[in-house]
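Undergrad: Chain by chain, the residues run as shown.
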Amino acid sequence: MNCTRRNFLIGGSTTLFLSGYFPKISFASMQKKNLIIISLRGGMDGLTAVPVIGDKRLKKLRKKLILEDVLNLNSDFGLHPKLEIFHKLWKKNQAAFVHATNIPYTGRSHFDGQNLMETGAHIPYKEKTGWLGRGLLASNITGKGLAISLPMPLLLRGVPQNNNFFPSPDFVEKNLIDQIYNEFKGEHNELIKSTLDTIRQRPLSMQIATDSDDRKKLALEAAKQLKDQSGPRVAVFDLDGFDTHTAQGGVDGAHADELEEVNKIVTILHENLGQAFDNTLILTLTEFGRTIKQNGGYGTEHGYGSAILMAGGLLKKSQVYTDWPGLKKKELFEGRDLNSTIDSRAIYNSAMSVCFNQDPEFLRKEVFWGDALPDLSQELFKI
Amino acid sequence: MSLKFYRRVAFGLSLKDKQDKDPLNWALNQLDTIPDLLWPGTISTEKELRKKYGEWVYGDREVLRKKFKNDKHAYKKAKDELRIKTGERYFELNEHAIRHYQTKYSKQPVFERFWLFWGNHFAISEKDFLAEFSTGPYQREIIRPNMVKTFEEMVQSVTTSWCMIHHLDNSESFGPNSKKGMEWGETINENHARELLELHTVSPNAGYTQEDVIQLAYIMTGWAHKWSRKNLETGDIWFDQEMHQKGDKVVLGIKYKNDAKRELAKVIHDLATHPICIKFVSTKLCRHFITDEPTEEMIKPVIEAWNKSNGKLIEIHKAVIRQAYKYNENTHKFHPPEIWLMQLSRMFDLNIPLSSDKMNYTFKSKPNRKQRQLSWILREIGHSPYRAKQPNGWSDFEVDWVSPELLLRRLWFASVELPILIKSGNRSHDFILACLKNNFEDFENMASLIEQYRFGTLDYDLGRKYGVICNLPGVLKV
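From first to last, the protein sequence lines are chains A and B. With the working numbering applied, the first sequence covers 1 to 383. With the working numbering applied, the second sequence covers 1 to 478.
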C-alpha cells in the first residue's frame, strides 16, 4: 500500500464558517439522537477488522493470520468479511472507520486499559465515573442511559438513574420494592436506593421475562427503547473475548467470531431502529489494539493503536478517517504496535456533542478535564 | 458485638449453629487447620478431571471434526454424545455442589470464606473448558492446601499449576533464544508474566515497566504442559529447558542469573515478599471482610502480622479477622450474589445443593434439571463462580454489583425460586422468625414487615416473605 503519513486534521474551518449561517436549533436537533457504544473488551485488533491492503510487512509478520476475501472499502483499506453490515452501510454513507486511534494508554494491561477506556482518564482506577456518564450529566440528561448487561458498566456511571436490561427468567412483583424501599436509610444505602428508584420508573416493555442469553432479543429490545422519543438516548453493549493470544486466525478464527457478534448487534439495531437509525450513532470502544506480529500461539499480544467502527445516519460520509502512521519498524509504537495518531477520546467527545446537542468545547472541559482533544464533529458527523 | 459478625466473616448461623460467647475466638479458632471436604458424593481429583478434559478435546478436535467434516448435523449429534460421555456438562455442576455443601455445613465457615477469597484472588476466568473440568479441582487442590502455608508457597503452587498455566497461555511462551524458540521462530507470550505481577503479587503500584514484564516472561519460559498427540494440551506441567530463554534476567531492578528452572522460585520469592505486594494483598483482604475502601489504619495490623510471620497465611487471616471484629459495628460491606446465596442457604436451611445421591451421574444422558438447578441459580443471579470474565476475578466493590437488573435478579430469586427450596418441615411462620432471631438484632422490625403474610404457607406467600426479608439492607450487606 502506498498510504503514507497524511494530515487529515486540517480543513475543518471552512465548514465551520458555513455552519454559522444556520440557526442552532433545526428540526433535526429537535429529534432525539441516540448514541450507542459497543465495548469490545480484550483488545480489538484494528488490523484484522480494517486491514491495510497490500502491505508486505504485515503479510510477512502475520503469516498465519492472513485474511482472504476482504471486503473492499477504498484503495488503502479493506474490511473483515464478517463485518458485512458495515460494508452494506458504507455504500449508503452510513458506516465509517477511524484508524490508528486509541485512548492515550500504552501500558498493555487489560484491567488498567479497560478502566481507562471507560473513565477516559490517564491514571487507572483514579476516576470512579465514566466519560459517557459525565457527558450525560454535563448535558443535563438524566435517566437516559441503558446498559445491555447485568452489571452497570463503569462507562455509564456518574449520572444518576441509569437503567440496565438483561431480563430475569420470571416476573418480579414491583410492590415488593415498595415494601423494602423505606428500609434503605443512611448514606451507605444511597446507591441501592437510587437504583431501586430506577427500577420503579421502568417502562412496561422492560418488565418482561425472557432468555437473556439471546443477544438478538436484547438488541431488539434496546432498539425498541431507543426508537421511543421519550426512551433512552444512550445505550451500551458489552462484548468480550477479543483477547486472542492464541488461534486468532483469519477469516474464521477467534477474532472473526467476535467481529461477527458486533456485526449481529449492529444488524439488529439497523433493522429495528427504522427511521431512528438516521438519528443514531454507533461507535465501538476498546482498550488497545494488538501487536503487528503474531506470537507463538498464532495469536497476537496486547498492543496500542486500534480502530473505531462507526455506523449510523449521523455519520457525515463513508470514510476511513486516519492519520496513518505506517507499519515500518520505526513507525511502530515501541517497534511493535500500530501507533495511535488520534486520541480516540476526541471522537467520543465529538460524538457526544453531536448527540447531546452540546458545545464540544464545553464537554471537553466538563468530561475530559480540558485535555487537548480536537473537535472532529465537522469531519465525521452530520451537524 | 452484634450478630452481623457471623455474616461478615462467615455465612450466618443455621438453627443448629450456636451463638458463641466469644465470637472473636470462635472465628480465630477456625483458621489453623484445613477442614475436610464434607460432600458425601463424588469428588474427583484434578488429574482425573484433566484426563476427562483431554478425552473431550481430543475426541472433538482429533476424531469428530475429521470424521464429520462434511456433515454438520451428524457432527453436532456426535459432539453432544461426547459431551455426555466425558461429563463436559456435568462436572462443573458437581463442583458447585461440593463448594456450596461446604459453605453450608462446614464447622469452620470462616476458613471457607478465606477459601472463596483466595480462589478469587488467583482467579481462573472463563476460558476454553476450564470451568467445565478444571477450576473446581484447582480451587480444591491448589488453593485450599496452601491456606495454612505462606503466601509465597501459595503463589508458587498457583503459578506452576496446570490450570493457571493453561489459563494464562504460558505453554505458548518460548524464549526467543531458546532451542525451540530459535528452531521454530517462536517468541514469548507475556500474558502470565503480566498477571503474576499485576494481579497475583505486586500490582501496578510497584511501577514495573514493559521491560520488567518481558524479563519475567523470559524467566517463566519453559513452564508448560507436556504436549503429546494423545493428551494434547492436558499433559502434566514440567519445565522444558528447550523453551527456556538463556541468559540473565532483571525484574524490578533485581538480577536473576541464568539458572534454568530455579529462576522462577527466586523471582516469586522476591515478588511475594515485596512490601508493595504485602500492602496490595492486605488491602484486598480488608476490602473483602471490612469495607470497600479500607483505611490505612485498618490495613496496618494485617501488614504487621504479615511481616512478623514472614507471610504465614494463618497469622495473616487471624489479623484480618481481628480487624473485621474491631470494625464490625461501624463499617458496612455489601455481599456479592454468591455469598448472599450461601448465607441464605445456611440461615434458612435451603434445599441446595441437591443431595449427593441425586447428584450422581451415569454419563449416559444430559444432567437433569434438578442437577443443573444450583448452577442455573448462580448464573441467573449474576455470579457463576468459575466464570469470571477476566483474570482479575469478581469485583469486591458494591458499585459493581448494584444495577437495576442485578437487584431485580435477587428479588426474583428470593420471591420466586427460594420458596421452592424451603424444606417441607420449614414452611411455618415460626421457622422464619426463629431464623431471623438467630441472625439479626433487629429481627422484630424485620418480622413486622412480613407480619401481614404470617398465615400463608403457599409458595406464593413464602415468596412475599422471603422476597422482602432477603432484600433488606441488613441482609444484602453487613
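Worth flagging that the hints you see were computed from the coordinates, not collected in a lab. Fair warning: there could be bad hints in the mix.
To be verified - Away from chain B, derived, C-beta distances all over 12 Å, residues of chain A: (1) L137; (2) F165; (3) K174.
As the list claims (entries may be wrong) - Restricting the straight-line Cα-Cα distance to at most 27 Å, the calculated cross-link-like pairs of lysine-lysine (BS3-like) are: (4) B:K76 with A:K264; (5) A:K329 with B:K246; (6) B:K246 with A:K217; (7) A:K216 with B:K76; (8) A:K64 with B:K477.
Here a beta-carbon is modelled for each residue, glycine too, at the ideal position from N, C-alpha and C.
Undergrad: Hint by hint, note whether the structure agrees.
TA: Cross-check of the supplied hints:
{"no.": "1", "hint": "L137", "result": "holds (16 Å)"}
{"no.": "2", "hint": "F165", "result": "violated (7 Å)"}
{"no.": "3", "hint": "K174", "result": "violated (9 Å)"}
{"no.": "4", "hint": "B:K76 with A:K264", "result": "holds (23 Å)"}
{"no.": "5", "hint": "A:K329 with B:K246", "result": "holds (25 Å)"}
{"no.": "6", "hint": "B:K246 with A:K217", "result": "violated (54 Å)"}
{"no.": "7", "hint": "A:K216 with B:K76", "result": "holds (22 Å)"}
{"no.": "8", "hint": "A:K64 with B:K477", "result": "violated (51 Å)"}
The structure does not agree with the numbered hints 2, 3, 6, 8 stated previously, though it agrees with the rest.
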